[in-house]
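J.: Here are the chains, one letter per residue:
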Amino acid sequence: MTLLLAVLAIAYVGSMLMQGRALRGVGLPSGTEWVLLGFALGSHALAVVDRDLLAAFEPVAAVAIGWQAFALGARFGRPREERTETRSLVFGIVFSVLACSLVTACTWLALTLIPTLELLERMLISIGAGLVSSELTRHAVTWVVERYAARGPLASFVTGVSEGSAIVPLLGCAVPFALVAPPIEVAVPVWGFALMSLGLGVVLALMCAALISLEASGPRTWGVLLGAALLGTGISFRFGISPLAALFTLGLSLAALSKKSAELHAMLARTEHPVRLPILLLCGAHINLYVDQRFALVIAAAVVARIVAASMLAWPIGRASGSTKHETHSLIRSLLPTGAITMTIGLSFALRFPERVGAVVLLTAAAQTIFGELFGPLALRRALDSAGELPADSIPPPGPPPRRSRESVHGDRESSYVEGT
Amino acid sequence: MSHAATEPQNGNVWLMHAARLFALAIVLGLLFVASRFTPSSQDAFSVISGVGLLLLAGMLMSDLLEVIGLPHLTGYIFAGILTGPHVLHFVDHATVETLQPVNTLALALIALAGGAELKIDLLKQGFRGLAWATGLHGTIGVVAMTGIFFVAASYIPFTRELSSTALIAVAILWGVLSTCRSPSATLGILAQLRPSGPLSRFALAFVMASDVVIVVMMTLALTLVRPLVEPSASVSLHDLEVLGHEILGSLSLGTTLGLLLATYLRLLGGRLLIPLIAMGFGLSEGLRYLRFDPVLTFLVAGFVVENLTKQGPKLMHAVEETGAVVYVVFFATAGAHLDVPLLKTLWPVALFLTSSRALITFLTHRLGARLANDEPIVQKWGWSPLVSQAGLTIGMGMLVARAFPSFGEGFRSLTIATVAINEIVGPVLFKFALDHTGETGKGTTSPLGH
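Those protein sequence lines, which keep their order, are chains A and B. Oh and the first sequence: position 414 is 414 in the working numbering, straight run, nothing missing. Oh and the second sequence: position 402 is 402 in the working numbering, straight run, nothing missing.
By construction, these hints were calculated from the structure, which means they are not laboratory data. Hints may be right or wrong, so weigh each one.
Here are the in silico distance ranges between beta carbons for each label pair [as the list claims (entries may be wrong)]: (1) 263/A with 17/B: 16 to 26 angstroms; (2) 12/B with 192/A: 35 to 45 angstroms; (3) 88/B with 53/A: 30 to 40 angstroms; (4) 86/A with 435/B: 50 to 60 angstroms; (5) 187/A with 352/B: 33 to 43 angstroms; (6) 351/B with 195/A: 35 to 45 angstroms; (7) 263/A with 256/B: 31 to 41 angstroms.
We put the beta carbon where it would ideally sit given N, CA and C, even for glycine.
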């Protein structure tokens, strides 16, 4: 336990440092190295962290993923003047829906290779694979844009697309969890359980908004936020509904309802990074490679389907961004990176479905993240270069990237994080 | 734990309370629905929702009870009682037990903050008063409470079958236990009200010092009374050796820890969340394993940071930020832990003993303060912070229970019953005294005048 605690603490400190000025731009764009480290330490590789230990850490993991979803939800309610361009957000949602649908359909078909699967398992795996394949991680996009000091319409638009792509998988988690919600004393249909996830978030947000309006910012506001997040996570698990959907809705609704949404955003943004790397580490430790080998084809189908989705939308995204000179084939690969949200969803599946459903979905998430990491950031750099949005001297410096001015269109968000810290 | 609620601009106080009631109704309603419609479970996820509930309900209840002048701490405790296993049953026994690590963390933070509040200059100024008070409470107080317990023994169920010598032993142990104060309750009140003046300074210094004194006195008492309970036993100096090791070890480790903390604060600024949590959980366990006293160790560490370095304000800020959340859960858990059925059974004798203790504390304090020529405010009200008892007292009670299994369980139950009363009444008395003396509402300076 000591070792896992130590590694989690290192991940936490690493996140803090990478959030600040010291180490920004260091590490892989999607944080894949932490997933791999977690896998190496996990029970299926070096077995430094065994299954019992992981089970003991499940509540910590549950709280962490809930908090991550909460912070992500609160991002969406930023004040109008700082909000990402609506059109790019819409494209992000469209991309996400398309990727999710295509991957779900393809994996559903691919799962016919495994006739022993029950119908419910097949549904859960295909929906889960769809959800973990529908994000374009903003961490990778921001990493490239910041590292190469990109400025221009394409960089701005892709950043917006990555923002918008988070909403579908996080809210979509309500569906598969509702399918297997345990029976309760009153008869509730599947859609009722799905709506319950969202309703729980809205009710908690109403309460938080009422309380936060009475409090000056400070420790008591933290108490309200933490209390609501813990309550939401605990109740979600008791009902068997998705904590990710509930907590994301909580953040989303709170940002919309509270008069202090900008302040809340700044508070929560400071916690998002320090929670991210430990989550990735735990994701890696939960990865189980010892599943039926035929699932490899299913995972491959998911990866291919996502490429198809990216291919279908790369050209419209390029056009909609207003950039006239970009390379579409580079842009296709630019839309491949997945990251923290994908892995978080994978982990929530692994916690909820400890058997092969969870294992396959988490493996799919890891495969998408690693595949995206290999091709995405380089392709995005090329796309931005071809669009003329990289400065002539944009060869990356050996150390952390130079500090950007707040006027930078694309660095706005991350710069504001730095100010916030 | 400073009270950060926005002050009402237009006398719109009732709207604020309505919002809080609405929020409390939502929180309790959600938990009611969850407990009513889902199968009861005692898994880790019940603990997660339990912590969330205690945190929110504690904060809300404290705000609502503030209307009638009760301190926040009382609100946290009431929230725990209300939602705990004996009333609404939203938080069950297993959850309360699982939350023990939060108590460890809270006690570490409380001790750190307490040490950091003790300034050498101010201790020197009040040394005469502290010495008199400590000496008289440790002698007259103990003797008087021993006598009262002895007199009341016929009404105390577990003493009826004890021999007269064993009864004397139990009475002595009770007398010592009665001098136990509550550092957590005192700091909780001071952190909420931010008072400034002689009463708050005296309370802080005396209660923190008494924390060390009680450990020594209880160890001595346990060693000395053993032959009275077990005629075949003899006084063993080994226990004193162990005590010496514990105190000296705690002082040494506390000093080292304080210097390390100061170095960390100097190099990395105020990012203390993780080190504080690591210290609260990990180091506390390590210290217990080494048989050192975590409270004393952290107290010394805070004292060192405040008095031997320039990093005191940074430490206090970090502890206050972390503590604001941890204290709520800590006191609410303490409320949930209160054995209400036991209190129903033992309340007459518990009430008699707590009333007697309060009276003895009052008289002893007045005598000591007069002899030390303390300031009039301290003479008149200095007894008020000494009524509270909480976790430390229960811990001492458990120590007795482990040392003497023949009557230990009854002793522990009576301890819990009396602590239940003192835990509720004590903070209210102290707040009343601070309000009455005008030490509250003087800005945001800390009790020792930072």
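J.: Hint by hint, say whether it matches the structure.
T.: Hints, verified against the model:
no., hint, result
1, 263/A with 17/B: 16 to 26 angstroms, "holds, 23 angstroms"
2, 12/B with 192/A: 35 to 45 angstroms, "holds, 38 angstroms"
3, 88/B with 53/A: 30 to 40 angstroms, "holds, 34 angstroms"
4, 86/A with 435/B: 50 to 60 angstroms, "holds, 54 angstroms"
5, 187/A with 352/B: 33 to 43 angstroms, "violated, 55 angstroms"
6, 351/B with 195/A: 35 to 45 angstroms, "violated, 52 angstroms"
7, 263/A with 256/B: 31 to 41 angstroms, "holds, 40 angstroms"
Consistency with the previously given hints fails for numbers 5, 6, ordered from lowest to highest.
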